[in-house]
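K.L.:
Model the full structure from these sequences, guided by the hints.
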Amino acid sequence: MRSGGFASEAPSGDTTTADEGSDVAPHASGCVQYDMDGMPAFKGSVCPKSPIQDPLVNPLDGYVEALVKRLGEALDPLGLAGALLRSSHVVTTFKEGVAVFDLPWVALLRDASEKAFSSVDPALEELVSRDTFPAADNGASLNNARGNLVCGMTELAGVLRRCYSALGAAPLCSFDDVHERLLSISRRFVGDIGSSRGPFSTAQVPLSMEELKALLLQDVNRWGLSTFPYLVFAVSSRHPLQLVWNDATVDKAELAFHVYYMVARINRWEEETGSGRGILFPVEWMDELLRWLTDRDEVPLLPLRCPSQSLTPVSQMDYSPVPCAPGPFDISRVLRVTAEDPSKHMVQYDDGGVDVIPEDLFDYLWSLFGGGAKYIVMGKFRNKSKIMELLKPKRVSIAVTFEGSDREGQLRVDSLLLDDVLPRASLSEVSRRAIGELLDKHQYGWENGMELFGLTRPDNVIEMCVTHVHGKELQASRLVEVVDGKTVEDLLGDFRSSTEVVTDHCGPVLRVSLLVRHPAGLTSPAGPGFCGLTNVGNTCYMNSALQCLLSLGAVCRLLFSLRLSEYANLSITREFVNLLRDMLAGRRVAKTLPLKTAIGSVERRFNTYEQQDAVEFIEVLLDRIHEEMNHVYGKRYRERLDTDKDIPKSKLANCFWEDAKANNQSFVPQLFSHQSVHFFVCCNCKGTSTVFDNGSTLVATIAPPTRRVFDVDVLLPGELVRRVQVKVACGSDDRVRASDIEKEIWERLHSTNTDFFSSMATSVGCPEAQAPLKGKGQDNKQSLGDYRAVLCADSHTCFSDGGHVLHAAVLWRGAGLGAGEKRVLPTGPSLANRNSTEEFAEAQPMCNEFQQQREMKDQCVYIWYFLQPQGSSSPRDALLCHVECSSVDALGDRKSSLAYIIERSVNLGDHFLSWKLGCVDQCTSLEQDGGENKHLQRGPKKNLRVWFCSTMGDNGYYLNLEDTGDGRDWIDSGDLPLTLSMDSRVVIQYDDQMMQLSDAIRVTNFHSVGSSPFPGEPTFYSCNGTNKEAVDVHECLKSTFSSDILTGENSLNCSKCGGFCDGRVERRLFRLPPCLIISLKRFKLDIRGVTKDTAFVRFSEELDMKQFMDEESPEKHTKYKLVGVVFHRGGLSYGHYTAARFSKATKQWFCCDDSSVMVRDKGPWAWPAAGDAYILCYEQLVEG
1 MRSGGFASEA
11 PSGDTTTADE
21 GSDVAPHASG
31 CVQYDMDGMP
41 AFKGSVCPKS
51 PIQDPLVNPL
61 DGYVEALVKR
71 LGEALDPLGL
81 AGALLRSSHV
91 VTTFKEGVAV
101 FDLPWVALLR
111 DASEKAFSSV
121 DPALEELVSR
131 DTFPAADNGA
141 SLNNARGNLV
151 CGMTELAGVL
161 RRCYSALGAA
171 PLCSFDDVHE
181 RLLSISRRFV
191 GDIGSSRGPF
201 STAQVPLSME
211 ELKALLLQDV
221 NRWGLSTFPY
231 LVFAVSSRHP
241 LQLVWNDATV
251 DKAELAFHVY
261 YMVARINRWE
271 EETGSGRGIL
281 FPVEWMDELL
291 RWLTDRDEVP
301 LLPLRCPSQS
311 LTPVSQMDYS
321 PVPCAPGPFD
331 ISRVLRVTAE
341 DPSKHMVQYD
351 DGGVDVIPED
361 LFDYLWSLFG
371 GGAKYIVMGK
381 FRNKSKIMEL
391 LKPKRVSIAV
401 TFEGSDREGQ
411 LRVDSLLLDD
421 VLPRASLSEV
431 SRRAIGELLD
441 KHQYGWENGM
451 ELFGLTRPDN
461 VIEMCVTHVH
471 GKELQASRLV
481 EVVDGKTVED
491 LLGDFRSSTE
501 VVTDHCGPVL
511 RVSLLVRHPA
521 GLTSPAGPGF
531 CGLTNVGNTC
541 YMNSALQCLL
551 SLGAVCRLLF
561 SLRLSEYANL
571 SITREFVNLL
581 RDMLAGRRVA
591 KTLPLKTAIG
601 SVERRFNTYE
611 QQDAVEFIEV
621 LLDRIHEEMN
631 HVYGKRYRER
641 LDTDKDIPKS
651 KLANCFWEDA
661 KANNQSFVPQ
671 LFSHQSVHFF
681 VCCNCKGTST
691 VFDNGSTLVA
701 TIAPPTRRVF
711 DVDVLLPGEL
721 VRRVQVKVAC
731 GSDDRVRASD
741 IEKEIWERLH
751 STNTDFFSSM
761 ATSVGCPEAQ
771 APLKGKGQDN
781 KQSLGDYRAV
791 LCADSHTCFS
801 DGGHVLHAAV
811 LWRGAGLGAG
821 EKRVLPTGPS
831 LANRNSTEEF
841 AEAQPMCNEF
851 QQQREMKDQC
861 VYIWYFLQPQ
871 GSSSPRDALL
881 CHVECSSVDA
891 LGDRKSSLAY
901 IIERSVNLGD
911 HFLSWKLGCV
921 DQCTSLEQDG
931 GENKHLQRGP
941 KKNLRVWFCS
951 TMGDNGYYLN
961 LEDTGDGRDW
971 IDSGDLPLTL
981 SMDSRVVIQY
991 DDQMMQLSDA
1001 IRVTNFHSVG
1011 SSPFPGEPTF
1021 YSCNGTNKEA
1031 VDVHECLKST
1041 FSSDILTGEN
1051 SLNCSKCGGF
1061 CDGRVERRLF
1071 RLPPCLIISL
1081 KRFKLDIRGV
1091 TKDTAFVRFS
1101 EELDMKQFMD
1111 EESPEKHTKY
1121 KLVGVVFHRG
1131 GLSYGHYTAA
1141 RFSKATKQWF
1151 CCDDSSVMVR
1161 DKGPWAWPAA
1171 GDAYILCYEQ
1181 LVEG
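In the working numbering, the protein residues as written are 1 to 1184.
Treat the hints as calculated values from the structure; they're not laboratory data.
Beta-carbon label-pair distances, calculated as ranges:
#1 Y349 to N535: 54 to 64 Å
#2 D642 to F667: 29 to 39 Å
#3 F1083 to K1116: 31 to 41 Å
#4 A264 to Y349: 16 to 26 Å
#5 E284 to D176: 31 to 41 Å
#6 H631 to K394: 15 to 25 Å
No more than 25 Å apart at the CA atoms, straight line, and that leaves these computed lysine-lysine pairs for BS3-like:
#7 K384 to K394
#8 K394 to K472
#9 K213 to K344
#10 K1147 to K1121
#11 K1038 to K1092
#12 K486 to K392
#13 K651 to K1106
#14 K1121 to K1162
#15 K252 to K394
#16 K380 to K661
#17 K384 to K635
#18 K661 to K1106
C-beta atoms are modelled at their ideal positions from N, C-alpha and C, and glycine is treated no differently.
P.N.:
This is the structure in structure tokens:
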């Protein structure tokens, strides 16, 4: 059955039904027809018969129903939604004591109402005018018709639904729930009709049709002023929607505390200027609320029972005088509206009927009672003291005695008195507060008092024994089970029926005894506080961030003893405290879903199961906790003035610091806020402006690497291949030149290990006089001047990212050769029976100095020969075995050059490869030497392939093989081009199933990036996936606080120059927090999207911030100790987070990976995941 005054039953024979195929379908609640928009559908211009009276007898009800239909057609929901959004945040100020509010949506509603009135059938109006006026007893019929109008407009579900959808993309409350509450509000308004209360109270009975129209038009406007603002409220408010006057089980004490808390908060705008931002509110309704909450001067209000869905005549309603909550409030009764412009609403500031209350209090009362439009003004909260005096909560004191044993089994008895305990405080809060004060009393450290934390375990009974109530000792102490939700008030209520209790006792209302026992059954490896956290779906970011925050002892200490009962609406903070309590209970795994749900309800990005950023989670969590606990709601920060330049910097910094503290009164800024100073300097006029800023996390820019790390395989004389790792300085373009790599290779070999140079002295063909001297130091280095390192790359090549192994060779220049001259190798004899080093000894120097600008035919070229298994395509499997230097002319034409390369490849394969055991029978020709298979002959050509690449970036091609029968087995039969360069490569591919490397070549010291290639060397850490050298966290901070140039779009707006000018900005720290959180700026947004900087950032156990402090900073304690780290591996939308926590009790580090907690022998700076560090948490070291 549908409420609101429309037909629930039709007289027999007059029931309206929908024709087959019609757009109108019968409503589920009765016989009334509704169209697709949810509006009542009538046939013709005359409404169906009313359930109250036949419209032919009393046409007023039919007129109202026709008016409702026309209103549904005239209203524009999209236009109303747009006008509502535009006016919902407009702040109006009083001018000469009068505030004028411009509400364009009211004008739209008024225009639609006038259009609906004018479209009603004139014949029906004539019938209403003739039948209703001038009847003396038309009051009951008129009130009933007005009730039908109010409820009928609320039944316009289609119009309201479209308006609600246009107000918000994803409202927290569904429209069906909102509409149900609107129907309840409408039914409540119906009860005001015919009385002197509420927005629809009757002032005067209309005596004509025009007066009737004016009254109904006023009812439509008042309905709109309560309905459409409610839609806006439902979309934007964080409070759950409910109606107190529709709920007989409301807790008045809890409601009174919420009102008191919101009233008692500080409005700094009002304190400093005399007026602050607030909402107009009716004083009469507030007085009614206070009388109901305090049970003072109670007056009979409207009955809780509302009219039934089948509308009862107002004259027959039950108005028994029972106490109940006030109904919806309405401010429009004290506003003046001109007939010429209905969108202009005016109110006088001196009017005693209005007050300016805090906006959060208005929203809270809106959610509980419903009300009218929100009029935002700048004014003074005049009734603040009165409300605080009436609603000030009572407090009690509780005496607590601790009895039991500690970890060593020693008996302890101690007691303390808890003052100012609110009755709404939970028993769990009382226990936690008592433990906290006990730790403070004996100056126990946070870790030393962990044996007490088992008292707070929610899964076992806290043994709290009540011995006295209101000073009266109980005959037998009563053991109370401490469960979540049980408050002090509930405990006192259990004793109110006892005749033993003396209620006028002025001492502690309760005396309780807490039995202290070391919690048994701890499964956490580090004891209380160290346990895993459940992953409820890609929440490793949250788990790691929480572990990192809870590694800070000061945070745990404050949260543990936090007085939750002193605050209202602590949804996130309460769940955070509960999580800490569960972790302190010694469990192996604690549940995180309640905390995630609480955060997701206010931050929708955390309401999904997608990967999020851990830094953003920490910032949002701290910000939300701060907002829930901040005692200030009307923040007013000090503005920067031109006269600030005349104030000393230290004094100005203290001024801004104290101003920030006055606006942010919670433990979050006390623990995490740091102060930084920025100096903006104009390059034109040299003017300087100083700006101070505060933040809860310190974002550190990852410093660009000064050097890059490369793995290089170096071919040494004596056919020894050694892998070394070098760090080479980057240029301004973050790239490295090949010549710099060659120089660093030589320096690295010489400075780290000289033993291998002794092999050069005995190498075949190397003159003894030119062999390096034995020993160390500068003399040894000078004796190596006849050798040089050559990189397999063109001299103009620049390198950036790694990912592949470079190749180089140490070559002997010959006597008297300059650094720029090259050796020319012969192109004739085969190397079948010769050592490759002999080629260097027999080589003759070029006559002319090598120049890069010479023509190609005069340039020297290098041919680099590699060995590689045929089944491998990785460059890391290619082994450098031989290098030749020659000129293009010396190699001859293209065919001769190819023939030479092919023959040299076969000879090298014969020299460096041997047959595997078991494959001897497959070889057609073997050279026996001492019974061992040492070298290959030319016969097994099918087991070798030759791949040629002109340059490093060339894809290359195979050199074809044809058996010409003339003794030359390898020739080129194609037309592929042959171009030789400084890094021409020949890859000799062999069948590794049959062949292997012979003893002719030795390979040693193959080390990956990050390991030391020589004993005793420091490790060169590189980035994950790149070859950038690791940077230190000090370098990152130095880069963060270095000066930046402001130019182009970032130019400085100089007031002295009167425009934008180039400038620079310098940053320094001025104050440091007790808990320092440093986040490395790994993610960056550019045209390619979000990219991650995977640089390896080194960190250590201690950090000194002294070098980053301003010279006038008063900070004395600049040293910090690392207690927590968050690691991240992967990209922004994927990957995995882990954390490291330090236990002060056990002096150990623990790795936290969701539900897993493992002890580690070393600190996180030495873990394999150290390169993935993302967030660093430090505790300040207070000296002395």
